[in-house]
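Chain by chain, the residues:
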Amino acid sequence: MTRFIAKRVLQGILVLLAIYAVTFFLVAATPGSPFSTERAIDPVILKQIEAFYGYDKPTSERFVTSLVNVLNGEFGPSAVYANRTVTQIIAESFPVSLKLGSLSLLLALGIGIPAGIVAAVKRNTWLDYVPMSVSMAGICLPTFVMGPLLALVFGLILNWLPVGGWFGPEFVILPTATLGFYYAAYFARLTRGGMLEMLNQDWVRTARAKGVKESTIVWKHCLKGGLIPAITFLGPALAGIISGSFVVETIFQVPGLGQWFVRAALNRDDFLVLGLTVLFATLIVIMNLLVDIVQVALNPRLKYD
Amino acid sequence: MTDHSETAVLADEPIPPPTSASEIAEEELVEGSSLWKDAWSRLRKNRLAVGSLFTFIAIVVFCIAGPWLSPWDANTQDLFLGAEGPSSAHWFGTDTLGRDLMVRVMYGGRISLMVGLVATIVALSIGVIYGATAGYLGDKTDASMMRFVDMLYALPFTIFVILLMVAFGRSLWLMFVAIGAVEWLSMARIVRSGVIGLKKQEFVEAAVSLGYSHRRIILRHLIPNVLGPVIVIATLTVPAVMLLEAFLSFLGLGVQPPNASWGVLINEGQQNMEIYPWLLIFPALFFAATLFCLNFIGDGLRDALDPKSAKD
Amino acid sequence: MALLEVDDLTTYFHTRDGVVRAVDGVSFTVDRGETLGIVGESGSGKSVTCYSLLRLIPEPPGRIERGTAMFDGRDLLWLSRSELRKVRGKRISMIFQDPMTSLNPYLRISTQLIEALQTHEDISHRDALKRATAALEEVGIPEASKRVTRYPHEFSGGMRQRVMIAMALITEPDLLIADEPTTALDVTVQAQILEIIKQRQNDLGTAVILVTHDLGVVAGTCDKVLVMYGGREMESGTAEEVFYAPRHPYTRALQKTIPSLQAKGQELYTIPGLPPDVSKPIDRCAFYPRCPYPKTGKPAGERPQLEEITPGHCWAACGYCDSDAPIETVLARADEVVDDALPVEGETPA
Chain Z
195 MTRFIAKRVL QGILVLLAIY AVTFFLVAAT PGSPFSTERA IDPVILKQIE
245 AFYGYDKPTS ERFVTSLVNV LNGEFGPSAV YANRTVTQII AESFPVSLKL
295 GSLSLLLALG IGIPAGIVAA VKRNTWLDYV PMSVSMAGIC LPTFVMGPLL
345 ALVFGLILNW LPVGGWFGPE FVILPTATLG FYYAAYFARL TRGGMLEMLN
395 QDWVRTARAK GVKESTIVWK HCLKGGLIPA ITFLGPALAG IISGSFVVET
445 IFQVPGLGQW FVRAALNRDD FLVLGLTVLF ATLIVIMNLL VDIVQVALNP
495 RLKYD
Chain B
764 MTDHSETAVL ADEPIPPPTS ASEIAEEELV EGSSLWKDAW SRLRKNRLAV
814 GSLFTFIAIV VFCIAGPWLS PWDANTQDLF LGAEGPSSAH WFGTDTLGRD
864 LMVRVMYGGR ISLMVGLVAT IVALSIGVIY GATAGYLGDK TDASMMRFVD
914 MLYALPFTIF VILLMVAFGR SLWLMFVAIG AVEWLSMARI VRSGVIGLKK
964 QEFVEAAVSL GYSHRRIILR HLIPNVLGPV IVIATLTVPA VMLLEAFLSF
1014 LGLGVQPPNA SWGVLINEGQ QNMEIYPWLL IFPALFFAAT LFCLNFIGDG
1064 LRDALDPKSA KD
Chain L
42 MALLEVDDLT TYFHTRDGVV RAVDGVSFTV DRGETLGIVG ESGSGKSVTC
92 YSLLRLIPEP PGRIERGTAM FDGRDLLWLS RSELRKVRGK RISMIFQDPM
142 TSLNPYLRIS TQLIEALQTH EDISHRDALK RATAALEEVG IPEASKRVTR
192 YPHEFSGGMR QRVMIAMALI TEPDLLIADE PTTALDVTVQ AQILEIIKQR
242 QNDLGTAVIL VTHDLGVVAG TCDKVLVMYG GREMESGTAE EVFYAPRHPY
292 TRALQKTIPS LQAKGQELYT IPGLPPDVSK PIDRCAFYPR CPYPKTGKPA
342 GERPQLEEIT PGHCWAACGY CDSDAPIETV LARADEVVDD ALPVEGETPA
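Chains as they are written, first to last, in my numbering: chain Z, 195 to 499; chain B, 764 to 1075; chain L, 42 to 391.
No lab work stands behind these hints: they were computed from the structure. A quick note: this is a predicted structure, and the numbers were derived from the prediction, not measured. A couple of the hints might just be wrong.
Unchecked claim - Derived lysine-lysine pairs resembling DSS-like cross-links, with alpha carbons at most 27 Å apart:
#1 Lys127/L / Lys414/Z
#2 Lys321/L / Lys414/Z
#3 Lys418/Z / Lys201/Z
#4 Lys808/B / Lys316/Z
#5 Lys800/B / Lys903/B
#6 Lys187/L / Lys414/Z
#7 Lys171/L / Lys407/Z
#8 Lys321/L / Lys808/B
#9 Lys321/L / Lys800/B
#10 Lys187/L / Lys171/L
Said to hold, decoys possible - Anything over 12 Å on all C-beta distances counts as not near chain Z; from chain L, calculated:
#11 Arg73
#12 Asp116
#13 Gly130
#14 Asn145
#15 His161
#16 Met205
#17 Asp220
#18 Gly246
#19 Tyr361
#20 Cys362
As the list claims (entries may be wrong) - Label-pair restraints from in silico Cβ distances:
#21 Leu492/Z / Glu162/L: 40 to 48 Å
#22 Asn277/Z / Arg933/B: 30 to 38 Å
#23 Glu255/Z / Ala906/B: 45 to 53 Å
#24 Glu184/L / Arg807/B: 38 to 46 Å
#25 Ala212/Z / Gln1019/B: 28 to 36 Å
#26 Leu208/Z / Arg933/B: 50 to 58 Å
#27 Trp320/Z / Pro99/L: 14 to 22 Å
#28 Ser254/Z / Lys903/B: 48 to 56 Å
#29 Lys963/B / Asn394/Z: 23 to 31 Å
Beta carbons are placed, not taken as given, at the ideal position from N, Cα and C, and that holds for glycine.
Produce the complete structure using the sequences and hints provided.
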């Protein structure tokens, strides 16, 4: 087990390095310079600024310096938002995004997994049809459709909830619902599929022949294996919630990191883009590592490989 | 099925007795007619899938033929008119620049559907070739090729696509490639497992012993036989691709004005939804309906082509 | 009174493509401590018969249409769900065909072994674990105390089937139903498994229903035999009578398929043709289309009645073939019969 974790951690580090490299060269290939703003700057001063940030050196050399800096925890300054460092921006906005993201994920799991289990156990009844139809609708209403629609209905027409800002618990509800419901739909479908596969196994029949109650069959015999597809999807779900936050934070004017990312990319704020990418990628890599470990813990057949 | 020299050999033992009815039904079907015929008859019985197919066709026809029949042009502005709600002249209303929303939804649909189609073809080509190669070569090549796919699965792709669109301009062609390059992974997995299953069968061994080249065996013998699952996953990739396009367009990174896709229209609608809600509702409705139909068609096809998965 | 008395058991599957008459009016009895063998080809309905007794068939599409199965004075087929659960695993246990898929790979062997005890008896976890270890020892698993906490994938097929037997017998049931317990195993292991079942049966006095496609196994292990074909009874009686004096053409054909009874160097005999298509009603002897005996007339539109030859030895007397013809001439004819009796697969000639 320790060897397995060590191997996966090493793999994760390599993946992170690769992501950093790809991001760096993509950003470097973007036309223009981070310092060419609307205001005309004296070419001499521009040269000086560029030299200050190392932009006069060849890209490959810059890559090495920036990598060393990042490994030392130095993400550099924001090129566009003067006198703020990337670390400051992250420290300010990350708690907001973390709250939004983790609440959405909890909502997705809290609704999706029970709904999937119920649908599988009561298959071909209305307890299956209703949640599965709703989840199909959920999958067809991505965040950028769901968000405005929820805002329209609950914010503007019914006037129950605020549609913008981030000032208290009531401001959290709509963005979380927008992000969470979409993935709840996915988790519901995956859990249903996984549970159905388990319930169709021969060993369920063995358990029934022993006189085991149906509820025990579901909880004791089928849950572990039935949850595996949903757990595997946690990694992609986190990645999706992060990119979904780009949209949701824009729609609901949430002062989180998602907003910053698209703006930074469009403004060629190189250091900010790189810093955010490293953060997002690290979160996703950690999640995938956790998923791998949980999978091994759930499935005894994987333990000795 | 082991050695039976010590046991009684009956006509066709030891096939286990059919324990569920669907197995029994399946055995009969295999004898009677071809796979595709069966699939078709099963698909026709699936009302949800058939209804979705017709709705989808209606949407496609609406988007393609609609603009010719409408008296309005998508880009003619009428600043005097501005944004007006649905009326007898403009059935879906007009946008802030006085353009007819219905025609814009039609044009947006053309672009969204085209992206869906072309990017799926890109994804399909990459996925089928990659998956078939991995499955066919097998062993260590296969293991490392699929490990690579596993790693890609875990990456924050939307971030790359966003950076790619920023770096290389927001052209439609780049978008096809960028989206296609993201969505091929499931395709590769499915083709690979299909090919691995087929590889062991006699007709492939026969082709190998006849000395055909790898290329010929893959293209002529393997790919045609994994067509069923590929059709299913391709149908399900179209909505995924359209979603990604709309996502990018919503962020302003996709289709650029004066062109519009449904994603662009939804974004425009969202900005003014307090005052002009119809600008959001119509494009969102068409977009969601299209995704809905494509997902149900894909599910229906899967049930029809792979009766085992349709058991429940 | 017999331990189990099954009368006119009928189980159909209602599928999209019609009604599959998997079990069509089967009757038999099992006494305490006795072994009943149910023999037949695949698709003959022998497994569905067993599953129906414990109501383990998937419902829908399956449905028990009629019949009774009196067990200890109560009808199993119409017990309430909770009453039924008290019988399952406590009074009647079951062993399945494929030990590789019949054990839950996600749970330890110990958990699965003690499950029946915990369900049916008021027993502490420690005592249950002791009984589980003892049960494993009794079925000949070495180092039982160590292996009891392992997972199924750490056992071989034969060992898993031993675990299944231990699991089924841990509650000391009155009746054990073994559904082809050796079919999925290596030949070398098959005899061992049967031996273990027999030995445990002697220790505990359990009655056994042994489902098999192997008439040879039946001769060695069973007291009584029920031969099934197309969901119906073809012949029944004591093992000696059915084995040494088979009456029904199907039983005779089955007997001819036992390799050790055939002359060395000869090609193995197999019954020509395929089992009947039970999704269409069959109003005659189900074996008629494959029957190698000379036909003596056209079958009328009714099922053959059971006829008692000697007390307890019955056969479904068809009456449309010359079943007294010597078997040698019959076998010589066998090839022609296939040609004219089976023009279309699954289709019966008019």
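Pair hint Lys418/Z and Lys201/Z, alpha-carbon separation not exceeding 27 Å: holds, 25 Å
For the pair Glu184/L and Arg807/B, does the Cβ-Cβ distance stay inside 38 to 46 Å? violated, 59 Å
Could you check the hint for me, namely that Asn277/Z and Arg933/B are 30 to 38 Å apart, CB to CB? holds, 31 Å
Given a hint of 14 to 22 Å, does the C-beta separation of Trp320/Z and Pro99/L actually sit inside it? holds, 20 Å
Verify the proposed pairing of Lys187/L with Lys171/L, using a straight-line Cα cut of 27 Å. holds, 12 Å
Does the hinted range 45 to 53 Å hold for Glu255/Z and Ala906/B at CB? The hinted range 45 to 53 Å is violated for Glu255/Z and Ala906/B, with Cβ atoms some 37 Å apart.
Holds or violated: Lys187/L and Lys414/Z, Cα atoms, limit 27 Å. holds, 23 Å
Is it true that the C-beta distance of Leu208/Z to Arg933/B lies inside 50 to 58 Å, as the hint says? violated, 32 Å
Given the hint of 23 to 31 Å, check if Lys963/B and Asn394/Z actually sit that far apart at their C-beta atoms. holds, 25 Å
Does the structure keep Lys321/L and Lys800/B at a Cα separation of 27 Å or less? holds, 23 Å
Would you assess whether Gly246/L, listed as outside the interface, keeps its beta-carbon beyond 12 Å of every beta-carbon in chain Z? With a cut-off of 12 Å, Gly246/L remains clear of chain Z, as the shortest Cβ separation is near 21 Å.
Does Asp220/L sit more than 12 Å from chain Z, CB to CB? Nearest chain Z Cβ is 10 Å from Asp220/L, so the label is violated.
Consistency with the previously given hints fails for numbers 2, 5, 13, 14, 15, 16, 17, 21, 23, 24, 26 and 28, ordered from lowest to highest.
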